[in-house]
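There are 2 protein chains.
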Amino acid sequence: MQNIFVIGAGRASTALIEYLLNHADKENWKINVGDSSYDLAHQRVKNHPYGKAIKFDVNDKNQREYEIGNADLVVSFLPPFMHTIVAKECLKSRCHLVTASYLTVEMQELDPKVKKADLIFLNEMGLDPGIDHMNSIQLITKIKNEGGKIISFKSYGSGLISPDSRQNPWKYKFTWSPMNVVLAGQNGAKYLEDNQLKIVPYNRIFNDPKKITIPGYGDFEAYPNRDSLIYREKYDLNDVPNFFRATLRKPGYSEAWDQLIKLGLTDNSYTINNSEDLTYRNWVISYLPEVNGKKPEKALADFLEIPADGKLMQKLLWLGILSNDKIPLKDATPAMILLHLLEDRWKMNIHDTDLVILRTEIKYELNRKLKKIVSTMTCEGKDNHHTAMSKTVGLPAAIGAKLILNKKINEHGVIIPIHKDIYEPVLKELKKFKIDFVEKEIEVKGSGAA
Amino acid sequence: MQNIFVIGAGRASTALIEYLLNHADKENWKINVGDSSYDLAHQRVKNHPYGKAIKFDVNDKNQREYEIGNADLVVSFLPPFMHTIVAKECLKSRCHLVTASYLTVEMQELDPKVKKADLIFLNEMGLDPGIDHMNSIQLITKIKNEGGKIISFKSYGSGLISPDSRQNPWKYKFTWSPMNVVLAGQNGAKYLEDNQLKIVPYNRIFNDPKKITIPGYGDFEAYPNRDSLIYREKYDLNDVPNFFRATLRKPGYSEAWDQLIKLGLTDNSYTINNSEDLTYRNWVISYLPEVNGKKPEKALADFLEIPADGKLMQKLLWLGILSNDKIPLKDATPAMILLHLLEDRWKMNIHDTDLVILRTEIKYELNRKLKKIVSTMTCEGKDNHHTAMSKTVGLPAAIGAKLILNKKINEHGVIIPIHKDIYEPVLKELKKFKIDFVEKEIEVKGSGAA
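Protein sequence lines correspond, in order, to chains V and L. Going by the working numbering, the first sequence opens with residue 791, and the numbers climb by one from there. Going by the working numbering, the second sequence opens with residue 791, and the numbers climb by one from there.
Because the hints were derived from the structure by calculation, they are not lab data. Treat the hints with caution; some may be incorrect.
Because identical chains cannot be distinguished in the list, a pair is counted as satisfied if it fits within a single copy or across any two copies.
Said to hold, decoys possible - In silico DSBU-like cross-links for lysine-lysine, where the CA-CA straight-line distance does not exceed 35 angstroms:
| id | residue 1 | residue 2 |
| --- | --- | --- |
| 1 | K1162 | K905 |
| 2 | K1198 | K1088 |
| 3 | K1084 | K1235 |
| 4 | K1084 | K1040 |
| 5 | K1159 | K836 |
| 6 | K1210 | K1192 |
| 7 | K905 | K1230 |
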């Protein structure tokens, strides 16, 4: 019998834990689920014969040593900054690790020790990062094997709300880590266009989104996502002159979010002392250079140079940033205050369903012809617990765990799913869960430019 | 005999070390000067009978323990982020500490232990912060003692270049920590106007400078400096509706610097991989959203929406940001690359002299009349080593050290110079060095507004 310890039992873990429990009997697994809330852990496990819910505090050294010490593999769905402490414990107890989060420098630094201990720390094993890598590498390998020369790689991903549930001016609700949405783009982005490095600082990330249409779901806009160039190297596309990764939103979102950045409301680097004494209205007024007796609504529109009665203002005011409610947070950062508002406004209702989109566009030359392959995956959730996000993030992590425990992965060390012995079986199994890509091949006329 | 250990022997320490050596005989002091460069330390100490130069590495645990263990008082002129490691060693060895840097949260947290050990850790004991506090508190105390009610407090400070040495388009050169200049404002600023909290995010710090004239030195502009509200509390001005601290530059500087921020060139939060393979020109082009065959100079002007042949462009191009020189730094951050250019362009020549300005403006009501007191200190350097900056930063720290060793300060713990037993003797002694304030009292007509 092998022991799997899942840390984090929030909405994100629903599909992960279901998969593990459903396979526990056949695979001979015991599944422990730890969360700071025992009730949450118990909701996931219920009375399953192979499952156990644990009230777990990752900062409790003794408990951490005990629970991870008993495990053969840990799946950490904690907030990303907490993975390192888990990873170090896994190394000590000689236990594998799976996360769905971006590989950090701290995690990467553990690689030699993880290799030496003959362990696998599999990161970026979710949706985006995760399925996007696996699909991309599969396409790239296929094109290369056919003798194609790749000219342009673009990939788009996002967790959104389904068309039926978009009843708000932003056409967006939180379906995943809310703070990540508030802080999105704060380290800027990098990509490559016609062999020219492009750097987009935070003050311009949401400034100039690209338009894109997804069949069946209409128009979207895409803003650049983090440092694309890391993946150009990992995908072995070092000679490709165009490489771009982006995040999707419904049209209008970026322009409105850009106003919040311009105002300064997304900053998480300083606190506002005694924020609990302010109303949201007071707070936002403090960011307006000139009020001078104007109504704050007017001063806000004037500062942003937007019409006071337009759709953009409507989006901003709908958030409640000028409400007279007291801020219920003590000494909070601007980002924390904004998050608090958004968590109320962008909350999924019980009947809301979410939508996940991944799309990869690759241009390449083959036999002197310019071709384009477009690969699209869409997935809608069942309800506000069985979300598409939980499914598309959790299943890769769960299948990854299975592959590790069944010794199907040859690589060791700190890795991401760009290896054939990972992406082939995972993508194959995901199809059974209707997580599948539609591929379209197009012949392109004209030059080889992106 | 008492031992003083000065850490850091750069240009900033010239006046500090001179003062300590000149007083060593009379005060019965031994002065050790440590720097990572022995030559630099020796330049300061030469063969002074009471001085000793030491090659010192603050990260060498044994050496740190030994040298600080032998000292009765340490003056740390290291970069601010290194003070904490020094402070912890001082606590262990029961030795006093003086710095000229802003008090950090980490330093403040040591207060209970410092108090318990009956020690003094005197911070912000330089020019700004330092002399500005001392002069401000003295003025505030005087006004309060007369029965005045303060309505508005504004203070301006800066290290600049003297009028004769301003032969560049920015009318600015580095006279103090260059990286601090590049990163200035990155945490935004806060102040109070008519009892309304004002928050200025980084993207607007240099956007709307206030104009101010300093007699004898002409026109300047002022951008808001950090969190002013901390000092409203420390100056015991909690009921004052206007409180503002700012930094001075010659007119035109802020608008030009704002372009560098808008471009994204001041960011220190991410590295550019293989920056050593880029020219400055390549690098800056990567920040331009649209080049499309335009000359980069034209694309830059178009992006910034400024005339391609105007003074603003001239300032930017003069820095060399579009030069074809290779960037000589490996995997550097944008701020590090910009710093490297500026360190060459804004370097003080041997005949250059610097200029320090402090100015405090306080409005108050006394006997139903509205009054204003304006207090101004200006100081010019002798040459590029005996700078006004080194003098105005180093002498307060040196005199502070003397007061501590002579047991003239009643306070204990982690403090800043807002106490009478510090600011009165220090300001008095600074006058002997011609660091002196000119005070002007004006009767103001009209309302009590700022």
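Quick rundown of the hints versus the structure:
no.	hint	in the structure
1	K1162 to K905	neither (39 angstroms within a copy, 71 angstroms between copies)
2	K1198 to K1088	neither (62 angstroms within a copy, 56 angstroms between copies)
3	K1084 to K1235	between (56 angstroms within a copy, 26 angstroms between copies)
4	K1084 to K1040	both (33 angstroms within a copy, 32 angstroms between copies)
5	K1159 to K836	neither (57 angstroms within a copy, 76 angstroms between copies)
6	K1210 to K1192	within (16 angstroms within a copy, 70 angstroms between copies)
7	K905 to K1230	neither (40 angstroms within a copy, 72 angstroms between copies)
When the structure is compared with the earlier hints, violations turn up for hints 1, 2, 5 and 7 and for no others.
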